[in-house]
Amino acid sequence: MNYRKITSALGIGMLSLAFISPLLWAGEPGKLLMETIDKGFAILKDPSLKGDEKVQERRQKLWKEISPIFNFEEMSKRALGQHWKSRTPEEKDEFVELFTNIMKDAYIGKTDTYSGEKVVIISEKQDKKYATVQTKIITNKGTEISVDYNMLNNPGGWAIYDVIIEGVSLVNNYRSQFNNILIKSSYKELIQKIKAKQS
Amino acid sequence: MMLDIKKGEKHVRRSVLLMFVVVFTICVCKTSVRAESSPVSEGQPTEIPQEEKTPVINKANEDSELKHTVSTGQSDNTKKEDTTPADTTQEEEEPINNDVKAEPPLVKDPLQPYNRAIFTFNDKAYHYFIKPIYTGYNSMIPEKARVSVRNFFTNVKMPVRFFNCLFQGESKGAGTEFARFVINSTVGVAGFFDPAKSKFHLEKQERDFGQTLAKHKMNSGVYIVWPFLGPSTVRDTVGLAGDAALNPFGWISYFFLTPLEGFGNYSYDTVNDLSIDKGTTYENITKPAIDPYIALQDAYVQNRIKKIKE
Chain R
98 MNYRKITSAL
108 GIGMLSLAFI
118 SPLLWAGEPG
128 KLLMETIDKG
138 FAILKDPSLK
148 GDEKVQERRQ
158 KLWKEISPIF
168 NFEEMSKRAL
178 GQHWKSRTPE
188 EKDEFVELFT
198 NIMKDAYIGK
208 TDTYSGEKVV
218 IISEKQDKKY
228 ATVQTKIITN
238 KGTEISVDYN
248 MLNNPGGWAI
258 YDVIIEGVSL
268 VNNYRSQFNN
278 ILIKSSYKEL
288 IQKIKAKQS
Chain Z
23 MMLDIKKGEK
33 HVRRSVLLMF
43 VVVFTICVCK
53 TSVRAESSPV
63 SEGQPTEIPQ
73 EEKTPVINKA
83 NEDSELKHTV
93 STGQSDNTKK
103 EDTTPADTTQ
113 EEEEPINNDV
123 KAEPPLVKDP
133 LQPYNRAIFT
143 FNDKAYHYFI
153 KPIYTGYNSM
163 IPEKARVSVR
173 NFFTNVKMPV
183 RFFNCLFQGE
193 SKGAGTEFAR
203 FVINSTVGVA
213 GFFDPAKSKF
223 HLEKQERDFG
233 QTLAKHKMNS
243 GVYIVWPFLG
253 PSTVRDTVGL
263 AGDAALNPFG
273 WISYFFLTPL
283 EGFGNYSYDT
293 VNDLSIDKGT
303 TYENITKPAI
313 DPYIALQDAY
323 VQNRIKKIKE
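In the order they appear, the protein sequences are chains R and Z.
If you count the first sequence from 1, position 61 lands on 158 in the numbering used here, and the numbers rise without skipping.
If you count the second sequence from 1, position 117 lands on 139 in the numbering used here, and the numbers rise without skipping.
Please note that a few of the clues may not be correct.
[Stated by the list, open to error] Chain R regions said to be covered by chain Z (calculated; three or more residues, Cβ under 8 Å): (1) 186-198; (2) 236-247; (3) 260-272.
Everything labelled a hint here was simulated from the structure, so no lab data went into it.
Glycine included, each C-beta is placed from N, C-alpha and C at the ideal position.
Please construct the entire structure, taking both the sequences and the accompanying hints into account.
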């Protein structure tokens, strides 16, 4: 009798959890972000991927895990700012690809020096389809670096469109650079400069 | 006897030089403030330097998302999109068109040709002179020891943070700094360790005189790159002078050390800091950049705005 009661209670509990939890958590930007970061850390901590000779393999795996959470199109759009509108669709595609490569080259390389940094979530704010997740990176030297992620909820789910490290917005930083170049020279020259940097 | 006179002369000469530097910076700064504030009185809000304008806006709406960028066009969109009900497709394209014209830089940079030259010099100096020094230092001294050295310097420089907390009306911050100093100087063995943070969770209050000036409504002034010191503005340069006056090391070297020893002391502190994380930060900003000069300028200004806001 008792046994049956317990099992049924458990069953109901499990069922309701199964139904409720996705509703409560699914698509929540902070959770998605932390999951992605954890996946990234798992790769960095993986003993079979450690060492200098595995660099390329590790970077590739990491990129595969992490890149889906970034909305590179939105980032490119914002980085180009006022100049985005006057671009042709082909130019836009090309620019998104180039900008994605900038991000990839710049930030995947940083992970090579991973030495036990931790990420803690501090707060999360959500306003309709925009969200800001504030986190802190704690290095093994005890230094704390504040990193905020601005996320946008598109049909594909939540994705990052800006990363703000110690108050420095990545997208704004690149927009300042692109604007400064575009004041003096043409869009073509900007593309050439980016390509020269990447080759 | 002769020696005494010579020493006295040296002191006089040094203090006259110091006075001159301070007076000069104040003059430069005053003129720049006047130049910037005059359009405001004529009622041209577009001329208000960004840093002064943003905090006001931020106070008005608590939403922290946009910070300084409120005025730099694009992020303005986000705000609009945030507050207005999401109207799907139209909304996504529209805002970008709206602020095509308005994208003023965060800081005025009329000295850009000079600044770029100094930036290039600093960059070369960093890569060929300073970096080799600190990488050598790195390989000799273990990280734990370097962190301890930094803790020691941080502890000695407590008056800088303590007084700036007071100047900025943050008595709680000043109290925290005082408690940190007492704990770290005693339990932390003359400041080589930081038990105030690890055991008592008292965080260091990063307060400097540049922030104090900003809180008292001084404009940032133009962007300046100093040889070796790197990016700064008129306001932050005055701030550096103010901090130097509050820095006990400055007084120690002024009264008890030769200029060379004082400089050595300062350089050691700097190199030690670079060896821990400053060097990597610099490279993280400039290496992936398409225009490293602008990238560093923008990062400096954005970071300063954050620190002033805190």
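Hint-by-hint comparison with the structure:
With 0 residues carrying a beta carbon less than 8 Å from a beta carbon of chain Z, the segment 186-198 of chain R misses the three-residue requirement, and the given coverage is violated. Restraint check on the segment 236-247 of chain R versus chain Z: 5 residues with Cβ-Cβ distances below 8 Å, three needed, restraint holds. Residues of the segment 260-272 of chain R lying with their CB closer than 8 Å to a CB of chain Z number 10, which satisfies the three-residue condition for coverage.
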